[in-house]
Amino acid sequence: MIRIDNLHKQFGKLKVLDGVTFQVESGGVVAVLGPNGSGKTTILKTILGMVLPDKGEAFFQSNSILKQWDYRKEIGYLPQIARFPENLTVQELIDMVKNIRSVEASEEQLIQRFGLKGFLDKKLSNLSGGTRQKVNIVLAFMFDSPLQILDEPTAGLDPVSLIRLKELIREQKEKGKTLLITTHIMSLVEELSDEIIFLLEGKIYFQGTVSQLLEQTHQVNLEHAIAKILENHA
Amino acid sequence: MLKILKYTFADLIRSRWSYVYLAFYLILGFVLLFLNNDLSKAVITLMNIIVVLTPMIGTIFGIMYFYSAREFTELLLAQPLKRSTIFIGQYLGIALSLSFSLLVGLGIPFLAYGVARSSEIWDFGLLLGVGAFLTFIFVALSVNIALRNENRVKGFGYAILLWLFMAVIYDGLFMISLVMFDDYPLDKFSLVVSVLNPVDLSRILILLKLDISALLGYTGALFQNFFGNGWGMFTSLSMLFLWSLLPVKLLVRTARRKDF
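Protein chains in written order, with numbering that gives the first Met the number 0: chain R, 0 to 233; chain G, 0 to 259.
Okay, chain R solo, but in the shape it has when bound (with noise of 0.2 angstroms):
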């Protein structure tokens, strides 16, 4: 589904991607995980055709993303931060997205999920953080999209929220969706994922499935299998 093919990014002097080249199959969760910095976010970015490479290509579903714009359609995307016009009320910024895609949408189902019902008609400067994630979330998801980008989903939601989202989660996997997911917490990834991809001084370290890396560093769980990776290169 996606193929990254010998992609080099430097930002000013950071070098951030140094030839950083993988597939992903469609269907299942992939985690791409890393220290601080590590270029996790540029390669997310790189997909969507917000950063644009130094060298090197992407592909999604085979062609080519480079100076194209319409393959986006596909892809549902959760960014980071998660701030929007501020004069818009929640409802508004759903249709106009809805708008701008224009195909069908199940928006009704996740506002339910999230609890965002009573928020629908509040502007969004008025919204605390964590909702303001849960209406970004609402956002990526009420497409019905192939894959699914994911950049620290958990950010600012509260333990209810993000078990709705692990289920959430855990459903459109179970659709065939291809799942991309950037995060700090190991237990998600543990839970989640049925590939990961580790990022290092923006090479990937490391391809395979959770037990491998595991076995690979000898260790017992997730958390410290990384941590180990990160003091023998230290």
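The set of hints was computed from the structure by calculation and includes no laboratory data.
The structure presented is a predicted model; accordingly, all values stated were derived computationally and were not measured.
Check the hints yourself; a few may be wrong.
With a Cα cut of at most 25 angstroms, we get these calculated SDA-like pairs of lysine to any residue [stated by the list, open to error]:
no., chain 1, residue 1, chain 2, residue 2
1, G, K5, R, N86
2, G, K153, G, L163
3, G, K2, R, F142
4, G, K153, R, I80
Use these hints to put chain G onto chain R, whose structure you have.
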């Protein structure tokens, strides 16, 4: 593009600042008319305010909106939309909502005073048109600055400097150079220099229309001599068109190459 324009416009027209801006023009219009008690004088005073103020408001609003809408822009970038669609839509949304405040804010008091039945209606119309032009030009310029500067404080500083330069410093430098190179023929130089600044250009355009040679100043008089009233207005108007197109072209180019 129309969808983006619509939502940006809807977002801005409901912001408190749009109302402040609108109220400012309403009050300004009424005060000017009551103090001058004469339409043509009010139009001249208004000209001096508009050629300085609309660029400033355009610059500040443009840069503020773009920085505060940064995350929203990212949300749009992840949608199946072309980059040029997003940025031109947002740009037009800002420029139109500001122009709307200008037109309504000044339109109401002047219409109430009876400008529509007077001979000043064309002068007044041109004044509003120039105000809208300046708004579009300076919003586009400030959006360019916002796109090129990630650091908001820096971007804001550059934008204010740009306005200060165009509205105040430019004229000063121009005057100094005229005095210093007094011995040389400066006609062509002055013509070129005044065409390169949309603020000067607008002032000349309005003065040519008002046909007040006493207020024309050196460059205005040159324009009049060189082109005559009709051609002078045509030339300055087409230069204003060019001025509003080029920054937008630059904006699209910059946006296309930028990482978000």
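So, going through the hints one by one against the coordinates:
1. With a C-alpha separation of about 13 angstroms, the suggested pairing of K5 of chain G with N86 of chain R holds against the 25 angstroms cut-off.
2. With a CA separation close to 15 angstroms, the supplied pair K153 of chain G and L163 of chain G stays within the 25 angstroms bound.
3. For the hint pairing K2 of chain G with F142 of chain R, the CA-to-CA distance comes to about 19 angstroms; that is within 25 angstroms, so the pair holds.
4. In summary, the hint linking K153 of chain G to I80 of chain R is supported, as the alpha carbons are separated by about 22 angstroms, within the 25 angstroms threshold.
Checked against the numbered hints given earlier, the structure satisfies every one of them.
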